[in-house]
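Colleague: These are the residues of each chain, in order.
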Amino acid sequence: MKAGLTTSVILHAAVIGFGLFTLRAPPAFQPMNVESFPVDIVPVEDVAQSLQGDKKSTVRDKPAPKPTERPDIVADAQKIGENSVDTDQPVTPTAKPKPVENTESAPKAPTPTEKPKPEDTPKPKEEPKPTPATEVAPAEQPKQDVKPDPVKQPEPKPQPVKEPEPAPKPAEQKPAEAKPEPAKPDAVAEAIASEQTESVALPNSAPAPEAKPRPEQAQAETAKAPDRKNSEKPVKEASSRQKSEDDAFNDKVSALLNKDKPSGGGAKRSSQQSSLGGDRNNGQKLSNSEMGALRDQLSGCWTIPAGAQDAGNLVAVIRFNVDQSGKLDGRPTVQTSSGNRSYDESAVRAIQKCDQAGLVLPAGKQDIWSEIQVTFNPSDMGM
Amino acid sequence: MENIALADPGAQLSIWGLFMQAGWVVKLVMLGLIGASVWTWAIVVDKLVSFARLRVALNRFEQVFWSGQSLEELYRNLAERKTVGMGAIFVAAMREWKKSFEKGAKSPLALQTRIDKAMDLALTREMERLEGRLGFLATIGSAAPFIGLFGTVVGIMTSFQAIAGSKSTNLAVVAPGIAEALLATAIGLLAAIPAVIAYNKLSSDAGKIAVRMEGFADEFSAILSRQIDEKVAQKAA
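For the record, the sequence lines run as chains A and B.
Read in order, the letters of the first sequence correspond to residues 1 to 383 in the working numbering.
Read in order, the letters of the second sequence correspond to residues 1 to 237 in the working numbering.
No lab work stands behind these hints: they were computed from the structure.
Everything numeric in this text was worked out from a predicted model, so none of it was measured.
Do not rely on the hints blindly, as some may be mistaken.
Label-pair distances were calculated between CB atoms; the ranges are [said to hold, decoys possible]: (1) A:Ile10 to B:Lys117: 39 to 45 Å; (2) B:Thr169 to A:Phe29: 15 to 21 Å; (3) B:Met127 to A:Thr22: 40 to 46 Å.
Glycine included, each C-beta is placed from N, C-alpha and C at the ideal position.
Full structure from sequences and hints, please.
Modeller: Next up, the structure:
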């Protein structure tokens, strides 16, 4: 037994000794040098809904804005466009002679005296006789009626008669349209003078004695201004009152007309075929979390009327509009009534109250806020 | 367990390092298992050696026994030496035979019985020697894994307590404690596996030797019985 024990001890000592000196710590695992992926959680709305594209294109598989033409590539550009600097503004198209623009631009055109001409030239020629449906045409007639000799176009005017208040407009718009017909120096002078000096200028500018009756008309009409505004918008814009008010707007429009190249947009180039889409890459809806945040704010402002508190599942859908600055635009409307008038009213008041306190809406989604629908339901609103 | 020290992540992960950073319970279990392993191997070595010797002795004895040598002569040779196995059985039987005949036994039937008893006793004593301590191998073979597991469970418990204390679930914090705890199971298995194998082999070897000795005892008993009959016949004549 002794021999056995000795043998065993020696054996174990040998094995353990061997183990201690040879079995070092196993080599540590070498972690693979894998680059970590940054993972963002993106609400599916951003991807699944309105993507940046071209509003006039047909729908294609891949949403893409109009292909850009500039070859030079700007580094790190995010927004697609022909700009040399990346901007957030939507792309403004080249100024095209659109009928809609003309009606608006014609009245304003006067200020930049030379610019309107190139754009308007195509139409003025035709306007007098064919009388394009636009209201511009009627405006000219009265003036020309006054001066029969220089301009013979007035005759085609049978149509203007259709419009009930053609006479008033002409007085003011006259200058604008007078220009297109360069034949008369007087007319141009009149136009410029009239616009610069506003309604008072009209009498002065009118060279002929015959013209005077018109100013009277014009004044009479200015008195009637409210009516006109309601009936016809172009006239409104033409009126001197608006000009003073909308200087900024005018600048914008003139800038629009000025450009012969598109402006705005980003500097990222796109080579894909354009497809139907919006101006930006935003989704069409507020995401659930954004909606939840809004609901939270509203529930803070909401006081359920005492009678309706126990009513349980009253549900009112309120729709309201929000302007660019995030303020309530107009009164909220009840989209789906709960059947309880005081309940609906309380929901509307909640929105108004929150608006007073200042609604906090997600930045960069102004396009989406413009119209918001909120379902007022005590259980949804955490009441 | 009052001061649960968090295993230092930078600690050695060698076998010795793992052993040294284990708790005292685990250390005790590991030391006990190492001792058991040492003892197991001591038994195994001892048994293998003694079985081999015994087999050699049996072979030599059988050779001598069947060589035609007279039993008296053989007995005289063996009686002075220390005998094992068949030799011991032979000597026990012959001693009883001698005692009975020298004193002039009257009843051959009683003599036969006495000789058988003496041989049985010798056989049992030899078997005891053969199979002694094999039981320990069986015990180690079945219990060592559990003892090792106990050390592991205690070690893991301790290291989890330490992890809870450190408020970190980093694998680098968890791993050393668990590795150290698992060392106990490893040692348990290291002791148990050879023990089980050796037990099975040694017990079957012992069984074979026992059968061989029993066979010899029966045969020798028959020989002696014949001798007794012859002596009785001689006396009667």
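Colleague: For every hint, state whether the structure bears it out.
Modeller: A quick look at each hint next to the structure:
1. A:Ile10 to B:Lys117: 39 to 45 Å: Distance hint for Ile10 of chain A, Lys117 of chain B holds at roughly 44 Å.
2. B:Thr169 to A:Phe29: 15 to 21 Å: Because 18 Å falls inside the window, the suggested range holds.
3. B:Met127 to A:Thr22: 40 to 46 Å: holds (43 Å)
No hint from the list above goes unmet by this structure.
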